[in-house]
Amino acid sequence: MQRIGVFVCWCGSNIAATVDVNAVTETLAKEPGVVYATNYQYMCSESGQNLIKDAIRDQKLTGVVICSCSPRMHEATFRKAAASAGLNPYLVEIANIREQCSWIHKNKEEATEKAIILGRTAIAKVQLNAPLIAGESPVVKRALVIGGGIAGIQTALDIAEAGFEVDIVEKKPTVGGKMTQIDKTFPTLDCSACILTPKMVEVAQNDNIKIYSYSEVEAVKGFVGNFTVSIRKKARYVKEDICTGCGLCTEKCPQKNVPNEFNLGLDTRRAIYIPFAQAVPKVATIDPNYCTKLNTGKCGVCEKICTAGAIDYTQKDEIVEQQYGAIVVATGYNPIKLDNFEEYAYSQSPDVVTSLEFERLMNAAGPTGGVLLRPSDKTHPHTIVFVQCVGSRDVSGCGKPYCSKICCMYTAKHAMLCREKYPDTEVYVFYIDVRTPGKNFDEFYRRAVEEYNVHYIKGMVGKVAPSGGKLKVQASDLLNNEQLHIDADMVVLAAAIEPDKSARPLATMLTASMDTNDFFTEAHPKLRPVESPTAGIYLSGCCQGPKDIPETVSQASACAAKVIGLLAKDKLTCNPCVAHSDELMCNGCSSCANVCPYGAITYVEKEFRQPDRTMLVRRVASVNPAVCQGCGACTVACPSGAMDLFGFSNKQIMAEVDAICK
Amino acid sequence: MQVNDNKDFQPTIVAFCCNWCSYAGADLSGTNRLQYPANVKIIRIPCSCRLNPIFILRAFQRGADGVILCGCHPGDCHYTTGNYYARRRMSLLFSMLDYLGIEKERTRVEWVSAAEGAKFAATMNEFVDAVTKLGRNHRLEDLRCKKQ
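Same order as they appear, the protein sequences are chains X and V.
Each residue of the first sequence is one higher than the one before, counting from 31 in the numbering used here.
Each residue of the second sequence is one higher than the one before, counting from 0 in the numbering used here.
No lab work stands behind these hints: they were computed from the structure.
With a straight-line Cα cutoff of 25 angstroms, these simulated SDA-like cross-link-like pairs (lysine to any residue) come out: (1) X:681 to V:60; (2) X:263 to X:327; (3) V:118 to X:544; (4) X:531 to X:364; (5) X:692 to V:52; (6) X:681 to V:93; (7) X:531 to X:581; (8) X:692 to V:93.
Pulled from the structure, derived: some chain V residues nowhere near chain X, Cβ distances all over 12 angstroms: (9) 90; (10) 94; (11) 129.
Every residue gets a Cβ at the ideal spot worked out from N, C-alpha and C, and that includes glycine.
Using the sequences plus the hints, can you model the full thing?
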């Protein structure tokens with residue numbers, strides 16, 4: 031016979047104000063199987079928990095129902111309390127009478143009646159609960175960081191610092207990410223390369239870190255603590271361990287007209303290239319799309335010139351399989367394509383540039399050697415117009431609905447740097463709002479306006495028309511309510527940023543969730559901001575949302591702390607609410623394995639004793655409880671009803687349905 | 000379709016919500032104090048794909064007037080593909096129920112994310128209205144299940 035205890039929480043007045051807790055307690059006490067019912071002001075408090083523990087011991091309870099807030103809030107708390115009193119934690123059920131009752135209803139009578147039904151439903155379910163024991167699985171003490179930008183670098187360094195091995199997978203030939211392309215960083219204006227490159231070297235030299243550059247994640251299998259990842263090392267046609275990075279080949283290669291992606295196509299590179307002087311690893315890469323030797327079989331200049339003998343035209347992509355305990359996603363961002371914004375004439379004039387291109391034009395290592403020249407005629411621009419929010423905060427569907435967060439600050443930086451280097455330039459910034467929340471950010475923006483006399487104008491640019499070497503800018507000044515016509519020499523567009531295109535296929539591989547803008551979703555927006563809802567997947571940097579460098583680095587370190595917490599454990603407790611198959615009913619039809627997203631179901635040949643005492647070997651399903659995540663897809667697919675789910679069994683759900691419909 | 004004229008009729012509605020999106024969405028509508036009728040009683044399931052069609056039949060047999068399934072948006076399933084299975088199974092089941100005389104308005108699948116508390120409340124309000132208009136469900140109700 032079941033001995034069930036019912037505990038009704040007032041939650042201060044959150045529940046008690048709209049639900050008559052005494053009536054609920056009295057009614058539920060009369061339910062079959064219930065031997066004890068009480069209510070208390072705060073069930074989750076220490077004295078509330080003690081009340082439950084004492085009742086479990088004194089009343090020898092076999093099941094506990096707590097009518098309180100959402101199980102998402104305190105299920106773990108109450109399970110722990112039950113376990114400490116000697117009751118299996120999975121014999122606890124929660125009736126959600128706060129979020130799903132007292133908070134949504136005003137009529138006390140109605141709410142009380144509903145609370146009773148919800149309590150009754152939980153009692154009906156708990157009668158059928160089975161004591162479950164969570165299994166354990168080992169943790170592979172190695173982490174994978176996908177993406178080698180500043181976020182990935184910082185996370186990897188922090189994990190390595192704690193003594194765990196880390197691999198970085200970077201799809202480009204070098205680590206460093208977007209930060210390598212930036213000239214100066216706000217609000218301190220220190221040189222981006224000067225602060226980043228030492229970190230890149232640190233990563234390369236750390237014994238605990240291995241870099242897979244020019245590589246991509248191909249497939250992910252497994253679960254938290256035990257992922258198996260296939261990494262495709264793309265053929266760079268240069269032996270990485272032999273190349274010295276002398277760069278001779280990159281000077282002698284006859285194929286000169288390859289757009290240089292590091293400078294965003296503002297100049298050219300050779301078919302064999304090292305992205306930039308401080309690249310890590312400093313190894314040449316042959317671009318197979320442009321290499322004459324690879325495409326026509328003739329040439330071979332780089333092979334002849336390489337004194338180390340590192341060139342290997344026969345190299346093939348290589349797949350490496352590696353085990354990891356945790357995976358960090360740090361795939362970063364890209365500025366959006368500006369195809370939808372023809373009014374700014376980006377495709378019509380080379381003098382209309384994006385902010386990242388402008389960054390290269392200002393950079394000492396950039397295509398112009400740090401001298402600001404118009405891409406069209408290589409002259410100094412005298413009037414520069416900056417347009418903010420190009421594609422950001424755009425609900426029309428052309429751009430992105432969110433704020434890209436970093437544009438206000440880098441535009442202020444660009445404007446300030448222009449005025450400082452070339453005091454004869456007139457600089458206009460068109461904005462919707464200037465958003466500068468951050469340490470020393472607003473001071474920085476005010477300096478741009480007050481000390482450097484940058485013209486900040488509230489309003490949007492309507493049209494940019496190239497005419498006679500000038501760019502005619504039509505804009506509105508909303509504060510003075512007038513139309514402006516500016517003859518500009520250059521227009522700089524602060525394009526919105528979006529997650530890298532590789533993020534969505536990666537999310538599918540990782541079974542991690544994403545929002546509608548393809549940013550990775552965090553497990554809790556406030557309290558678990560660096561974890562994905564999928565266990566063992568962590569988020570670092572802009573893959574989770576737009577961020578500036580300081581914020582990215584803090585998130586990266588936070589992420590590392592979470593990974594270290596996981597890797598420091600030897601074993602993990604598994605979710606015991608997994609599927610299981612009744613071997614006597616199973617006929618081995620494979621319906622369940624077909625719908626299982628985790629490959630948790632395998633088939634085994636088993637011997638069964640027939641009624642006539644002969645033995646029969648049959649194929650039956652067997653669920654690996656360490657791999658099963660407990661979704662229940664197989665339970666419905668099973669035509670013979672052999673599959674069931676612990677914690678949410680057919681009988682339990684049916685009992686709930688019955689209790690509600692009574 | 001018969002139209003209900005009994006003003007006092009209170010339908011019994013069973014809502015199955017997946018643990019990761021819709022149950023959290025329902026919690027959010029509570030946190031935001033968004034009202035929806037008390038007729039709706041929620042059953043938590045791990046994923047929308049856990050919903051066996053038998054549970055829906057059982058609910059109608061026991062006297063439910065409407066059944067709604069809420070899951071993560073397509074593509075956002077915590078278990079990657081669960082809601083796709085649910086969508087297919089339910090479209091089959093609902094057309095069969097329609098054939099049996101259970102009006103289409105009594106059954107529904109809705110995608111509610113953990114952030115859509117307002118959508119959850121609005122959906123429930125709408126669904127309860129629609130079922131109230133239809134009146135009591137007699138078709139599949141098993142009188143032997145009724146308490147005397």
